[in-house]
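Enquirer: Based on these hints, arrange chain B on the given structure of chain A.
Chain residues, written in single-letter form:
Protein chains: 2
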Amino acid sequence: MQKPLILVTNDDGITAPGLRALVRYMKEIGDVVVVAPDSPQSGMGHAITLDNTLYSKKVTIDLENGGNEEYSCSGTPADCVKLALQEILSRKPDLCVSGINHGSNSSINVIYSGTMSAAIEAGIEGIPAIGFSLCDYSWEANFKTAETAVKKIAEEALSNGIPKGVVLNVNIPKTNNEGIKGIKVCRQARANWKEKFDKRINPMGKDYYWLTGEFELLDKGEDTDEWALSNGYISVVPTQFDLTAHHVIQDINNWSLNE
Amino acid sequence: MQKPLILVTNDDGITAPGLRALVRYMKEIGDVVVVAPDSPQSGMGHAITLDNTLYSKKVTIDLENGGNEEYSCSGTPADCVKLALQEILSRKPDLCVSGINHGSNSSINVIYSGTMSAAIEAGIEGIPAIGFSLCDYSWEANFKTAETAVKKIAEEALSNGIPKGVVLNVNIPKTNNEGIKGIKVCRQARANWKEKFDKRINPMGKDYYWLTGEFELLDKGEDTDEWALSNGYISVVPTQFDLTAHHVIQDINNWSLNE
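Same order as they appear, the protein sequences are chains A and B. 1 is the number of the first residue of the first sequence in the working numbering; add one for each residue after it. 1 is the number of the first residue of the second sequence in the working numbering; add one for each residue after it.
So that you can see chain A by itself, here it is in the shape it has in the complex (with noise of 0.2 Å):
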């Protein structure tokens, strides 16, 4: 039997231990083909190249592990799986994994994550999806931890399926082993970052700023990611790009749009 095809791309960059460490683990499951940004794309979120070139090279990282076959693009994690699917890949994978994300994507982040954006495109193109990140924003980050849980989920979208119009966002929270009581669907929490903008003066006397911020939990609910993530359970966030907001439809018919 063929074992299934698995597109493996990240935000962090093609070199991010997070990538390698993801890569490991689906060897174990499938054939594993790597298009990952050339450089860090945090923070990018559905960002996509229209008024720029797009280059991508193989190349060759790994080698004692085996080696895989992988290039690296010029583009965002959303670039970077169009052009997979477009240009590089000879069929259509049965799986897009995007990770392991050095640090959070939980709650509100979801908005914000190149990591989720490059799942959310390989679902817009129909093909099982997952993002997968680790509550840990070092580069030294232990990916162990992780390890039994990211090969258990892709392994079960591959023989359950995920429903169409959704990906999964996946968070790990940052412990050991033993630290991890299960898996937890979720909803995604809600929560905003309040920001706090460092003004400094640079060398030319100009101002300018650095964009930092606090995350602000909103929501008390015990079914929602961050809860499973405090309480030590990986979450699983079922996530839609179809951004209607259908309850709400109602209420706006009642506005007074048209007279």
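Source of the hints: derived by calculation from the structure; they are not laboratory data. Treat the hints loosely; a few may be bogus.
For lysine to any residue, the following SDA-like pairs were computed, each having C-alpha atoms within a straight-line distance of at most 25 Å [unchecked claim]:
no., chain 1, residue 1, chain 2, residue 2
1, B, Lys206, A, Glu69
2, B, Lys92, A, Asn68
3, A, Lys151, B, Gln250
4, B, Lys196, A, Leu89
5, B, Lys27, A, Trp255
6, A, Lys92, B, Asp219
7, A, Lys164, B, Asn258
8, A, Lys92, B, Asn192
9, B, Lys181, A, Asn254
10, B, Lys27, A, Ser256
11, B, Lys194, A, Lys151
12, B, Lys206, A, Asn254
13, A, Lys27, A, Asn68
14, B, Lys181, A, Val248
Expert: What follows is chain B alone, placed relative to chain A:
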């Protein structure tokens, strides 16, 4: 009575004719402050600037119309909104409008849209927000068609309020004034882009690509934004940033994730 404070932004850049038109219309309704990108940011999705410095500058544009309080910003549309709320505006705005975009943001385009990411960012911060787009990519597009509806929708949003967690995605068909049949509240049509990469060779002999594509409508519903636009209506899609696919949580709970 204090006039409403309206924050105006966009993704085509602060000098775009679509933004200049929106500023003129909003000045009839409230006090306007403009914070917009200093260069075009189309296709930026919900990107934010994490690894780079941000610059902002008070600028004077449009003196013949009495001038406005305006700031250009080196960042993305989402950055502009964050910076406006945190550093520039003296009080919370009553409304944030983004656009008028030169080109459609209907259907799946909402995912890639810088115009809508600015509106969504404001929505996340609890500010009523609307993204406006004219389905005409030309820089010389005729925004006059949009005037009546844009003012009407903004006024209705100010008087009714927009439900929490929702922003409006408004698209205006390319037609003359007589061609507009009315305003319809819709759902986002299912669609995707059939990518085509235009592969070329640069003067140094290296392959590169331009991303192009064709819009592929996968939805025959008559309650969609695409149907409305094709039939001469302005479409209003209530758009949410809780991306949870609540309807499939039960499905995925049936997977053997914890066995």
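Enquirer: For every hint, state whether the structure bears it out.
Expert: Hints and how they fare:
{"no.": "1", "hint": "B/Lys206 x A/Glu69", "verdict": "holds, 20 Å"}
{"no.": "2", "hint": "B/Lys92 x A/Asn68", "verdict": "violated, 52 Å"}
{"no.": "3", "hint": "A/Lys151 x B/Gln250", "verdict": "holds, 21 Å"}
{"no.": "4", "hint": "B/Lys196 x A/Leu89", "verdict": "holds, 14 Å"}
{"no.": "5", "hint": "B/Lys27 x A/Trp255", "verdict": "holds, 22 Å"}
{"no.": "6", "hint": "A/Lys92 x B/Asp219", "verdict": "holds, 22 Å"}
{"no.": "7", "hint": "A/Lys164 x B/Asn258", "verdict": "holds, 23 Å"}
{"no.": "8", "hint": "A/Lys92 x B/Asn192", "verdict": "holds, 16 Å"}
{"no.": "9", "hint": "B/Lys181 x A/Asn254", "verdict": "holds, 18 Å"}
{"no.": "10", "hint": "B/Lys27 x A/Ser256", "verdict": "holds, 21 Å"}
{"no.": "11", "hint": "B/Lys194 x A/Lys151", "verdict": "violated, 31 Å"}
{"no.": "12", "hint": "B/Lys206 x A/Asn254", "verdict": "violated, 57 Å"}
{"no.": "13", "hint": "A/Lys27 x A/Asn68", "verdict": "holds, 9 Å"}
{"no.": "14", "hint": "B/Lys181 x A/Val248", "verdict": "holds, 23 Å"}
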